[in-house]
Every structure is written in structure tokens, then in C-alpha cells.
Amino acid sequence: MNGDGLVLECRDLRRAFGDLQAVDGVGFSIAEGETYGLLGPNGAGKTTSISMICGLLERDSGEVVIDGHPLTTKSVAEKRAVGYVPQDIAIYPDLSAKENLNFFARLYGLSGVERKKRVDEVLEIIGLADRANDRSEDFSGGMKRRLNIGIGLLHSPHLLILDEPTVGVDPQSRNAILESVENLSTEGMAVLYTTHYMEEAERLCNRVGIIDHGKIVAEGTRRELIELVGQRDRIRLRATGNIEAAAQATASMPGVYEAAARDDGLDVLVDNAADALTGILGTVAAAGVSVSSVDVDEPNLEAVFLHLTGRALRD
Amino acid sequence: MKILAIAATSVQRLFRDRTNIFFVLLMPMLLILVLGAAFGGESDPRLGIVSGGSGALESDLVERIEAIDGVAASRWDDRATIILAIERGQLEAGVVIPEGYDEALLAGEKVNVEFAAKPEESAQALTITVQSVLTDQGAILQAASYAESKGAGTFAESLARAEGIAATAKGLDVEQSSAGEPFVFDQLGRFELGAYSQLLLFVFLTSMTGSTALIQSRQLGVSERMLSTPTSVRTILLGEALGRFAVALVQGLLIIVGTALMFGVDWGDPLGAAATFIVFSLGASGVGMLMGATFKNDQQAGGIGVMIGIGMGALGGCMLPLAIMKIFSPTLWKVAHITPHAWGIEAFEELILRGGTIADITLEIAVLSAFAAVVFALGAWRLRVSLTK
Ligand SMILES: Nc1ncnc2c1ncn2[C@@H]1O[C@H](COP(=O)(O)OP(=O)(O)O)[C@@H](O)[C@H]1O
Ligand SMILES: [Mg+2]
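Just so you know, the protein sequences line up as chains A and B, in that order.
In our numbering, each number is its position in the first sequence, counted from 1, plus 179.
In our numbering, each number is its position in the second sequence, counted from 1, plus 3.
Bear in mind the hints are in silico, worked out from the structure with no lab data behind them.
In this text the structure is predicted, and so the values were computed from the model without any measurement.
Honestly, I wouldn't trust all of these hints.
Unchecked claim - Distance condition first, Cα-Cα at most 30 Å in a straight line; then the derived DSSO-like pairs of lysine-lysine:
| id | chain 1 | residue 1 | chain 2 | residue 2 |
| --- | --- | --- | --- | --- |
| 1 | B | K5 | A | K277 |
| 2 | A | K394 | B | K5 |
| 3 | A | K253 | B | K113 |
| 4 | A | K296 | A | K277 |
| 5 | B | K299 | A | K253 |
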């Protein structure tokens with residue numbers, strides 16, 4: 180680990196396949212304990228970027244530094260810091276869950292008691308302890324996905340790279356996967372998470388890079404991204420009483436952009452609903468209006484993506 | 004040791020598939036049995052006959068030879084083909100009846116019937132048997148000629164009467180010759196010629212088809228994932244190759260020990276035989292790895308692997324012995340030495356036929372080692388290219 184706490188720094192990654200510029204100047208960094216999301220549609224260049232970061236694909240330009248050490252396709256020892264979970268499940272189907280884990284644990288340099296212990300721990304984490312000795316070809320899609328992830332956790336890497344780990348899994352497995360990723364980052368692991376699901380990026384990631392056509396078009400926390408495109412939270416109040424007066428009083432509050440009266444209540448546009456809500460409810464009550472329900476619409480990354488690229492994340 | 008982990012997993016996966024147990028472990032045993040039936044066993048010695056004319060005496064002689072108990076007689080066109088057949092081990096011996104046999108005998112001239120055989124014990128026994136048949140005919144001939152001279156009818160009539168009368172033959176001689184140049188394998192037991200060339204052919208072939216395992220690992224994405232761990236391309240390649248090599252060793256040991264115990268095959272100097280087999284198997288595993296790193300499709304590679312395995316085996320002298328190849332086409336014989344098979348065979352011949360030791364096959368061992376080194380270097384390079392593009 181270097182002084183600034185950065186686990187991964189990459190700069191100016193570029194890679195073309197023939198005429199196709201798959202990755203066109205991607206760069207970002209991830210700090211210890213941080214989960215960074217690469218959010219973009221299929222074909223945006225997420226997997227190609229990750230392959231270059233892991234030293235699995237030659238790059239046309241750019242550099243990757245992990246734990247302060249440069250990493251290339253020729254690196255060997257430096258890869259110890261990384262746990263890579265590929266998008267396509269990469270396990271031996273004719274081996275059991277435990278055999279797969281043991282095999283990769285050896286490759287990650289674990290041996291003896293430590294390996295045994297870690298394999299058992301990971302089997303618990305991925306919820307396959309009771310199926311440990313079954314051949315993985317007999318597993319459901321979700322179980323294979325979990326095993327696929329478990330392999331990347333074996334050596335407790337500083338940087339865990341998950342490439343669309345929830346594609347094609349049932350909602351239950353998906354939730355289990357998201358939960359374990361949340362736990363891992365609280366344990367101090369840096370996580371690079373790619374997805375084309377907006378909700379996953381919003382739920383898991385401290386920071387998100389929005390990637391399209393091989394370029395990161397915007398980067399920041401969810402709120403920064405939303406502010407970047409000028410999207411605001413909308414608070415809907417269902418209310419009775421003097422709604423007009425309440426709307427006027429609310430509109431003059433700081434941080435409120437607009438307050439409009441409707442038949443059954445009022446709509447308020449604010450920067451940050453969580454910060455403004457209490458104040459607004461007070462103002463409305465002071466105007467003699469009684470509120471029966473509150474709804475908050477936060478603009479999401481989907482809207483940000485649409486705004487930045489003119490396209491939906493999924494078509 | 005990561006190499007061991009990769010090798011062990013490779014072998015473990017190989018035997019997960021029950022059909023592989025058959026191909027890797029049972030096939031060599033079956034092969035030994037088949038070879039034993041073809042080359043070994045106590046079958047009748049095979050005797051070829053060349054008979055150009057159609058005279059009564061000549062037909063009588065051929066019939067007598069064909070009637071010998073415990074001999075499998077067959078007719079051949081000319082002296083050259085029969086000699087070749089003996090050299091190839093298709094016949095134990097041959098009898099060549101000269102042209103004008105009847106005429107010469109009836110004119111009372113001396114006739115030479117040629118007997119060709121390998122200098123083997125079984126052939127010696129045959130010589131004696133054939134000699135006795137000729138003597139029988141000679142005795143009758145003499146009796147007939149005596150009767151004719153006494154005015155007891157024509158020669159043909161006398162001949163008929165003379166059958167069964169025992170006397171000493173004077174006019175008939177068996178001339179013995181050895182078939183052509185003595186070949187190395189003249190001294191071999193029937194089975195040994197098969198055993199070492201089959202060993203090389205078979206082990207190489209299995210390495211070729213084993214290359215599909217590496218392709219499957221790549222198709223599964225496991226090879227790439229292995230490369231994302233702190234493991235070098237070379238370690239991955241060596242690990243996979245070691246797995247193949249271990250399988251080759253097991254197969255080879257089965258064949259060597261099996262043939263030695265069941266058919267009494269002598270493999271020569273144990274150190275030399277082990278060294279030859281090990282460096283040959285290393286090269287074979289290396290070619291398998293090179294194929295596995297190069298081809299994208301495992302079925303395609305499996306098919307091509309079998310073709311290459313059989314093709315190189317045939318060229319390298321596993322089917323047509325190198326000594327014979329050298330006579331027919333010295334050029335082909337030279338080309339054969341691009342295969343590791345040819346070097347392996349020559350090493351085994353030195354050990355088995357000429358009683359050589361490891362010191363006598365240093366050239367062969369060096370060539371086979373160099374071959375292994377080159378294919379491994381190429382394989383590592385191809386695998387890196389295919390994994391990191
Ligand atoms: N090996 C390759 N050869 C040619 N084109 C490729 C290759 N890998 C990826 N691409 C192309 O590069 C682009 C980015 O792909 P990828 O990085 O897989 O996108 P994502 O992971 O975001 O879906 C796509 O248009 C894809 O078709
Ligand atoms: Mg992808």
C-alpha cells in the first residue's frame with residue numbers, strides 16, 4: 180500500500196480491436212475500503228478495461244499501478260494483490276466446489292492449514308458449505324456464480340475485481356451476492372465492480388464511473404453525478420388545507436427550487452430531499468396544512484446516463 | 004509447488020472421465036494382447052515356395068512340401084518377393100525351385116533347389132524338414148531311373164512303380180542361402196520389433212489427443228483465470244505438460260513391464276531404456292502442449308492430433324522398419340529423422356539388438372532432449388500469445 184491509500188491507479192488505458200476502439204483513455208483510482216463502480220451498457224468497454232487492469236490483455240497504451248507496483252501482462256508476484264472474478268464463469272465443471280477452491284487456493288500461494296481454513300471460510304461466505312463435495316456442473320446458475328466469486332476471495336486480496344457478477348442469477352442469489360460485496364468493502368477491501376444495472380451501482384458503490392464507447396464520460400459519487408446533470412429530488416406531499424399558501428411559503432425556503440400546488444397536495448423540487456424534508460414539513464404545517472403521506476423521487480443514475488449519452492443503459 | 008498442483012488437477016480431471024481410464028490404462032494392455040497374438044504365440048512356421056514350371060516332378064515336389072505337417076506353405080511369384088517377405092518377417096523361410104526342374108532331372112543332371120531362411124532356430128528345423136522331402140523325391144527318382152535302364156518300361160511307368168521304394172538320392176542337392184543382407188531385426192524375437200515401435204507410437208498419440216485438455220481449459224476461461232493469479236505462463240504450461248507426462252509415464256510403464264512379464268520382451272539396458280523413453284515422452288508432451296496452445300477448437304485438435312500422431316509414427320519407422328525404409332528410399336529414411344520416433348527407435352535398437360548401454364545412445368538422447376526443449380519453448384510462447392492477445 181502506498182502513502183495515499185490508493186489500491187489501484189490506472190491511467191489512459193487504450194485498446195483497439197482492429198478498427199474498433201474498445202477502450203479509449205480510461206483512468207480512475209480506488210482507495211482502500213472503497214467500492215468503485217464501472218457503470219455502462221453492454222459493449223461499453225468494461226471487460227476490456229478490467230482485462231488490462233488484471234494483466235490479462237496487452238494494452239495499446241496506459242499504465243496500471245496496484246499497491247504502488249506497476250502491473251503488466253508479464254507481472255507475476257504483483258497479481259497476488261488482486262482477486263479477479265471474470266464475467267463468464269471460469270471453473271472446472273467436472274470438479275467439486277471444494278476441489279475448484281483448493282486448486283485456485285494453491286495458485287494464489289496458499290498452503291497447508293491456511294489453505295484448508297480459507298477454503299472452508301469461503302465455502303461459508305458463498306453459502307456452498309453443504310454442497311462442497313458436489314460437482315459444480317450440477318449447480319444452479321446462482322450457485323456457479325457464487326463459486327466463481329468465491330475463488331476470487333480465497334487469498335483475501337487488497338483489490339477485488341468483479342465483472343458483472345450478478346448476470347443471469349435469480350433474485351435471491353443476487354441479493355446474497357450484493358450483501359457479501361457490501362460486507363467485503365466494510366472489511367477494508369477495495370472493490371472494482373462493473374455492471375449495467377443502475378440499482379447495483381447505486382446500492383454498492385461509493386463512486387461510480389459512467390463508461391460509454393470506451394470512455395469514462397462522468398465520474399463521482401451518486402450525488403455528484405446527479406448534480407452534474409442538474410437533476411433534483413422531487414418531494415410529493417399528499418395534503419389537505421390551504422395548499423396554495425403552503426406552496427408559497429415553501430417556495431421561498433433556501434434549497435427549494437420550486438413548489439407547486441396540486442389538487443391533492445404539493446410538489447417540491449429540492450437539491451437534497453433528505454436534508455430539506457424536515458424543514459419543509461414544518462413550513463407546511465405552519466401554513467395550516469395537514470400531510471397524509473410523503474413520497475420522495477430521487478433522480479437515479481439511469482437518468483444521468485440518459486442525460487449524458489442520450490441513450491438508455493439497457494435497450 | 005504450483006506446477007504440481009496444476010499437473011495433479013490435470014490428471015485428476017482426466018480420470019474423472021471414465022472413458023479416459025479405458026484409453027489410457029486399458030488400451031495399452033489390450034494393445035499388448037493384440038500384438039502378442041499377432042507377433043507372439045506358437046504358430047506354424049511359414050514357408051514360401053516359388054515354382055515356375057508345371058512338370059510332373061516339380062508338381063510332385065510342391066505337393067510333398069505342402070503336405071508337411073506343422074508347416075504353413077504358400078506359393079510366391081519369384082525369388083525376389085520371397086526374399087523380401089522373409090526380410091519383413093512375413094515368412095520364416097522359402098524354397099525356390101529352379102526353372103527347368105523336370106527337364107534337368109530327367110536328363111540326369113544335378114539340380115539345385117534353393118532354401119532361404121533367417122539364421123534362426125525355427126528356420127534350421129525347417130531346413131531339415133525340406134531336405135528330407137527332397138531326399139524322398141530323389142530316392143524315388145533314382146529307383147525309376149534304375150528300372151528304366153533295365154528295360155522295365157518308360158521312365159514314367161517306372162517312376163510310378165518306384166514310389167515308396169527307399170534308396171539314396173544322388174542327383175538332388177539343397178543349396179542353402181541366407182536371405183539378403185543380415186538385417187538388424189533378424190536377431191529379434193517376433194514380438195520385440197512390435198513392442199518398442201508400438202510404445203513410441205502409442206505414447207506419442209496419447210500426448211497428441213491429450214492436448215485437447217489445455218484447449219478445454221482455455222475455452223472454460225480457467226487458463227486465463229489461472230493467469231490472473233500470481234502464476235506465470237511457463238508454470239501453467241509446465242504444469243499441464245507434467246500432467247500429460249505423468250500419464251505417458253504410467254502408460255509406458257504398463258507397456259514395458261507388461262510386455263516384459265507376459266511376452267518376455269527384453270528392453271535392454273534399463274538405464275538407457277528409461278532415458279530414451281523419458282526424453283521421448285517429454286518431447287511428445289511438449290508437442291501436445293504446443294498443439295493445445297495453438298488450436299482453438301478441441302475437436303479439431305483431437306482429429307488433427309490423431310493424424311499427426313499416426314503420420315509421424317509411420318514416417319518415423321513405427322510401421323515400416325527404418326532398415327527397410329533405408330533400402331527402398333534413402334531420402335525418406337533421412338526425412339524420417341525429423342521425427343522423434345526415428346531417434347527413439349534407433350536408440351531402442353541400439354539397446355535391444357546390439358546390447359548397447361546409455362553411453363552408446365548419447366546422440367539419440369541429445370537429439371530427443373533438444374526436440375523437447377524446442378517444442379516447450381514454442382508452446383510457452385504460443386500459450387502466452389493466445390492468453391494475452
Ligand atoms: N477479443 C476481442 N476482439 C474483438 N473485439 C472485441 C474483443 N473483446 C471485446 N471486443 C469488443 O470491444 C467492445 C467492448 O467490449 P467489452 O469490453 O467486452 O464490453 P463490456 O464488458 O462493457 O460489455 C465491444 O464492442 C466488443 O465487441
Ligand atoms: Mg463485459
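Status of each hint after checking the structure:
At most 30 Å may separate the alpha-carbon atoms for a hinted pair to count; B:K5 and A:K277 meet this at roughly 17 Å. About 38 Å separates the Cα atoms of A:K394 and B:K5, which puts this hinted pair outside 30 Å; it is violated. Of the pairs offered as hints, the one joining A:K253 and B:K113 is violated, with about 86 Å between alpha carbons and a cut-off of 30 Å exceeded. The hinted pair formed by A:K296 and A:K277 meets the criterion: a straight-line CA distance of about 12 Å does not exceed 30 Å.
A hinted pair counts as satisfied when its Cα atoms are at most 30 Å apart, and B:K299 with A:K253 qualifies at roughly 23 Å.
Against the hints set out earlier in the document, violations occur for numbers 2 and 3.
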